[in-house]
Amino acid sequence: MRRVLLSAVLLAWAAGAASAAADSGFAVTARAASYPIDWTIRDVVTDAVSGRVYAVGEAEGGDVGVAGFEADGTFLRYVDFPAATIERVGAAAVAPDGRLVIVGSTEIGFPQPALSRAAFVLRFDFDHPEGLEVRLLGDEIPLRSQVAQSEAVGVAVDADGAVYVSGWTNTSYYPTTPGAARVEGGGFGMSGFGPVADGFLTKLDADLETALSTFVGGHGVHCVGGSGCLSSVPHTVASQVALGSDGSIYVAGVTNTLEGLATPGAFRETCLCSRMTGDLFVARLTADVSRFEYATYVGGGGQTLESEVYGAEGATGLRVLDDGSAVVAGWTYAPNFPTTEGALQTRFGGGEDVSAGRDGVLFRLSPDGAELLFSTFLGVEGDDTIEGLERVGEEWWATGVAGGSFPGAGVGPRFVARLSPDADSLLAAVRTPVGITGGFLAASGDGVWAAGPESPRLTRLSVAAPEVTALYALANAAGSRDTGQVAPREIVSLYGVNLGPAEGAVADLSAGPPPDELAGLQLEIAGVRAGLLYAGPTQINAVATGAIKEGFPVDAILRRDGEEIARIPLYSVIWNAQAFAGPDRAAAALNPQGLPVGPDRPLLPGETVALFLSGAGVPHPFFSPVVEASIDDRSAEIAYFGQAPGLIDGVTQLNVRLPDELGYPYDVSPRPLTVLVGRQESEPVLLWIDNRR
Numbered sequence: 008m009r010r011v012l013l014s015a016v017l018l019a020w021a022a023g024a025a026s027a028a029a030d031s032g033f034a035v036t037a038r039a040a041s042y043p044i045d046w047t048i049r050d051v052v053t054d055a056v057s058g059r060v061y062a063v064g065e066a067e068g069g070d071v072g073v074a075g076f077e078a079d080g081t082f083l084r085y086v087d088f089p090a091a092t093i094e095r096v097g098a099a100a101v102a103p104d105g106r107l108v109i110v111g112s113t114e115i116g117f118p119q120p121a122l123s124r125a126a127f128v129l130r131f132d133f134d135h136p137e138g139l140e141v142r143l144l145g146d147e148i149p150l151r152s153q154v155a156q157s158e159a160v161g162v163a164v165d166a167d168g169a170v171y172v173s174g175w176t177n178t179s180y181y182p183t184t185p186g187a188a189r190v191e192g193g194g195f196g197m198s199g200f201g202p203v204a205d206g207f208l209t210k211l212d213a214d215l216e217t218a219l220s221t222f223v224g225g226h227g228v229h230c231v232g233g234s235g236c237l238s239s240v241p242h243t244v245a246s247q248v249a250l251g252s253d254g255s256i257y258v259a260g261v262t263n264t265l266e267g268l269a270t271p272g273a274f275r276e277t278c279l280c281s282r283m284t285g286d287l288f289v290a291r292l293t294a295d296v297s298r299f300e301y302a303t304y305v306g307g308g309g310q311t312l313e314s315e316v317y318g319a320e321g322a323t324g325l326r327v328l329d330d331g332s333a334v335v336a337g338w339t340y341a342p343n344f345p346t347t348e349g350a351l352q353t354r355f356g357g358g359e360d361v362s363a364g365r366d367g368v369l370f371r372l373s374p375d376g377a378e379l380l381f382s383t384f385l386g387v388e389g390d391d392t393i394e395g396l397e398r399v400g401e402e403w404w405a406t407g408v409a410g411g412s413f414p415g416a417g418v419g420p421r422f423v424a425r426l427s428p429d430a431d432s433l434l435a436a437v438r439t440p441v442g443i444t445g446g447f448l449a450a451s452g453d454g455v456w457a458a459g460p461e462s463p464r465l466t467r468l469s470v471a472a473p474e475v476t477a478l479y480a481l482a483n484a485a486g487s488r489d490t491g492q493v494a495p496r497e498i499v500s501l502y503g504v505n506l507g508p509a510e511g512a513v514a515d516l517s518a519g520p521p522p523d524e525l526a527g528l529q530l531e532i533a534g535v536r537a538g539l540l541y542a543g544p545t546q547i548n549a550v551a552t553g554a555i556k557e558g559f560p561v562d563a564i565l566r567r568d569g570e571e572i573a574r575i576p577l578y579s580v581i582w583n584a585q586a587f588a589g590p591d592r593a594a595a596a597l598n599p600q601g602l603p604v605g606p607d608r609p610l611l612p613g614e615t616v617a618l619f620l621s622g623a624g625v626p627h628p629f630f631s632p633v634v635e636a637s638i639d640d641r642s643a644e645i646a647y648f649g650q651a652p653g654l655i656d657g658v659t660q661l662n663v664r665l666p667d668e669l670g671y672p673y674d675v676s677p678r679p680l681t682v683l684v685g686r687q688e689s690e691p692v693l694l695w696i697d698n699r700r
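The working numbering applies: residue 8 is where the sequence shown begins, and numbers increase by one.
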């Protein structure tokens with residue numbers, strides 16, 4: 008039974024997920040070399056003069072970090088700025104002189120109250136980081152103040168090197184300048200339901216001194232009376248900022264305030280807010296921030312709906328065109344988000360059930376803020392968002408999270424899409440695993456550099472003929488994301504388009520180990536051919552060599568009939584263990600009777616379950632790695648760790664004895680389990696457990 012179950016699991020995994028198309032319209036034209044850094048990317052920016060590309064984020068421990076690459080993807084160096092406090096990076100930009108500007112928030116520390124934070128602006132030359140300049144905003148708070156928090160989320164730099172910062176603050180002491188449009192905010196402080204906060208827009212001159220500053224937001228929230236009003240907390244976030252060619256300043260974000268934001272004649276003067284959720288808004292200010300040329304709500308939702316999820320929205324991208332119109336990307340839960348006739352998608356993809364998830368949105372607002380020139384959803388059932396936006400030529404390129412049937416070639420829960428200039432047609436779309444796309448796009452010539460928060464590398468995409476072969480990712484076959492790493496004997500999956508034969512080819516394993524050539528394809532990892540298990544149009548599965556040494560950059564090279572067609576840079580590790588699971592992340596597991604675990608055959612507390620891993624390394628005669636397992640954050644006993652009998656080389660069996668007692672809920676439900684092999688913790692998989700008492 009064990010062999011039958013695991014064979015079925017591996018065959019299902021080998022076939023890959025069905026894609027809506029075999030062609031993508033994208034080519035991979037460069038990759039930034041893999042870098043072994045434990046961090047989270049928050050933005051990707053390019054230098055228009057040098058062509059350099061920078062990934063900016065937070066290193067482990069909360070330090071600000073930057074990885075720099077040449078225009079062709081060659082790794083330059085990694086720079087971080089160690090600090091005693093934890094930083095949150097909001098966004099980054101490149102100044103005309105090539106210096107990097109990074110904004111975010113940092114803990115203020117004593118003598119301010121605990122949890123107080125100030126917005127920060129960092130500026131430095133990447134080649135000479137010792138010249139770092141730092142400016143804090145919102146840090147000059149009287150000691151009597153409550154918890155004071157200010158966070159910079161968006162940034163732009165003009166031709167003179169002035170820096171424009173947007174974000175939110177919960178303190179009335181945040182600096183504003185005389186004559187600004189709003190020197191008094193719509194509410195400040197803390198409540199049990201979060202900060203009472205207003206948006207802000209601040210201009211720093213070339214010396215990082217405050218030149219102009221104003222609050223951005225309104226006042227008053229939806230409240231029907233009674234105790235429900237306790238959770239009605241006014242909150243405005245100006246998450247995006249961009250500059251017009253005439254010097255005007257644009258901000259976009261989300262607010263739940265009802266009054267004092269919208270200007271007369273704007274597209275929508277009324278916020279369709281519920282108690283705790285808000286609408287997208289867009290505002291255009293004069294160059295001296297003395298006046299709102301317009302401010303408008305753009306969103307869906309409703310005041311009378313019971314669901315507080317309905318209407319929740321976010322702005323994740325803002326671009327200003329030469330005519331002064333603003334293009335905004337983001338996401339919404341609201342089926343009644345406004346769309347325009349002839350747009351790509353006028354119906355909410357998640358249906359009328361607000362619990363179904365979000366849709367991405369993309370819209371263009373007229374220069375006077377009075378009309379939507381185009382507006383479209385981008386999404387299907389499930390959760391879809393647009394997280395990054397860029398303009399390439401006349402096209403709009405978007406990246407984000409893709410739901411189950413999101414259109415496009417390839418396989419995975421992230422996407423990059425090309426939309427027509429008026430957002431009335433989808434020109435191309437590709438889906439990738441986690442770790443390749445889904446978060447950020449930075450324009451680069453005729454294409455973009457793409458990444459997600461978890462990306463181990465940057466990938467440059469450009470327009471291509473539909474039939475072009477493109478290799479997007481290499482991941483542990485048992486996992487869901489590209490980590491940029493590979494371990495000895497790891498079973499890996501390569502994802503892309505036009506990789507192998509349309510009908511797919513499965514290796515015959517009855518006569519011995521996997522062959523090193525299948526359907527005319529060969530895969531070389533660390534200079535040694537891998538054993539091929541499956542080759543199809545969007546996925547190739549293989550077993551890496553056991554001779555991989557730890558701590559070196561290596562390449563995975565895909566060849567067709569001996570000719571190289573693609574390569575991916577990786578970093579070699581001893582262990583990169585993941586547990587096999589199905590599409591819903593339910594573990595491929597056997598109970599003590601050797602039968603598959605599932606909702607109709609759950610485990611009991613105290614029972615032993617057999618799991619199957621890829622990337623657990625090569626057995627060593629003298630030492631074994633540290634192996635641990637936990638379920639619901641409770642430690643579980645390891646009963647066996649070794650080669651899986653009767654299965655292909657590269658599959659490791661792990662027997663885990665569950666704790667005798669598990670906490671709430673006391674029902675039959677899937678519980679998350681993680682495995683640690685060596686220094687590498689796996690992604691969670693789900694085990695069905697009967698915890699009824």
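It should be emphasised that the hints constitute simulated quantities derived from the structure, not laboratory data.
Be aware that a few hints might be false.
Stated by the list, open to error - Quick list of simulated restraints, FRET-style, between CB atoms:
#  : residue 1 : residue 2 : range
1  : R664      : L139      : 50 to 56 Å
2  : R84       : L143      : 39 to 45 Å
3  : P522      : G601      : 39 to 45 Å
4  : S179      : S427      : 57 to 63 Å
5  : E644      : L516      : 31 to 37 Å
6  : F629      : E571      : 50 to 56 Å
7  : P599      : S412      : 34 to 40 Å
8  : P672      : D45       : 55 to 61 Å
9  : P522      : R664      : 34 to 40 Å
10 : F629      : G601      : 41 to 47 Å
11 : D640      : P428      : 32 to 38 Å
12 : R608      : E474      : 44 to 50 Å
13 : G186      : H226      : 18 to 24 Å
Just so you know, even glycine gets a beta-carbon here, dropped at the ideal spot from N, CA and C.
Status of the hints after comparison with the structure:
In this structure the supplied range 50 to 56 Å holds for R664 paired with L139, their Cβ-Cβ distance being about 52 Å. Distance hint check: the CB atoms of R84 and L143 are about 27 Å apart, inconsistent with the given range 39 to 45 Å. Between P522 and G601 the CB atoms are about 30 Å apart, so this pair departs from the stated range of 39 to 45 Å. Distance hint check for S179 and S427: the Cβ-Cβ separation is about 45 Å, which falls outside the suggested range of 57 to 63 Å.
Under the hint 31 to 37 Å, the C-beta atoms of E644 and L516, about 33 Å apart, fit the expected range. Checking the proposed 50 to 56 Å range against F629 and E571 shows it is violated: the Cβ atoms sit about 38 Å from each other. About 38 Å separates the C-beta atoms of P599 and S412, a value consistent with the hinted range of 34 to 40 Å. Range check, P672 to D45: about 33 Å between beta-carbon atoms, so the 55 to 61 Å window is missed.
Distance hint for P522 and R664: a CB-CB separation of about 38 Å, consistent with the stated range 34 to 40 Å. Between F629 and G601 the C-beta distance comes to about 32 Å, which lies outside the given range of 41 to 47 Å. The given range of 32 to 38 Å is broken by D640 and P428, whose C-beta atoms sit roughly 50 Å from each other. Our hint of 44 to 50 Å for R608 and E474 holds, since their Cβ atoms are close to 46 Å apart.
Between G186 and H226, the C-beta spacing of about 21 Å keeps the proposed range 18 to 24 Å intact.
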